[in-house]
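A.B. asks: Residues 1 to 111 (my numbering) make up the sequence shown, in order.
Among the hints, a few may not be true.
[Said to hold, decoys possible] Simulated restraints, written as ranges between beta carbons of each label pair:
#: 1; residue 1: Asp13; residue 2: Ala105; range: 35 to 43 angstroms
#: 2; residue 1: Gly31; residue 2: Leu107; range: 22 to 30 angstroms
#: 3; residue 1: Pro110; residue 2: Asp44; range: 33 to 41 angstroms
#: 4; residue 1: Gln38; residue 2: Thr109; range: 12 to 20 angstroms
These aren't lab readings, by the way, just hints derived from the structure by calculation. The C-beta atom is built at its ideal place from N, Cα and C for all residues, glycine as well.
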Amino acid sequence: MHNAKPAASDLPDWFNRQYAIILQANRGLGGVEQRARQAHYAGDIATAQMLYNSILDQSTEAKSYLARQAFIDQQWEEARELTIQLLKEYPDNQQLWDNLKRIEAMLKTPK
1 MHNAKPAASD LPDWFNRQYA IILQANRGLG GVEQRARQAH YAGDIATAQM LYNSILDQST
61 EAKSYLARQA FIDQQWEEAR ELTIQLLKEY PDNQQLWDNL KRIEAMLKTP K
């Protein structure tokens, strides 16, 4: 009988993604945010984005992370939409206003 537990790196990607969904259901928002941060710092941006997308409607951290990623990826419409959502929560945040100005300038720039 084989009792050794497989390492996370030995598991298929689909299993790790399903595991992340189960974590969300069982650990709540904070657990998903923590797992997303861990994925980001481990260099697994795809998993971090997937986790943050799964809690986007409930998490300011997720909106902030995904807005930043959209800016880095030059996905200006998405960056703008997420920044506007963040401004609804934090209307006095000057950094968000500055970011929105930069994003809107990029949207006006011819490709």
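A.B. asks: What are the numbers of the hints the structure violates, in ascending order?
C.D. replies: Hint check: 2, 4 fail, others pass.
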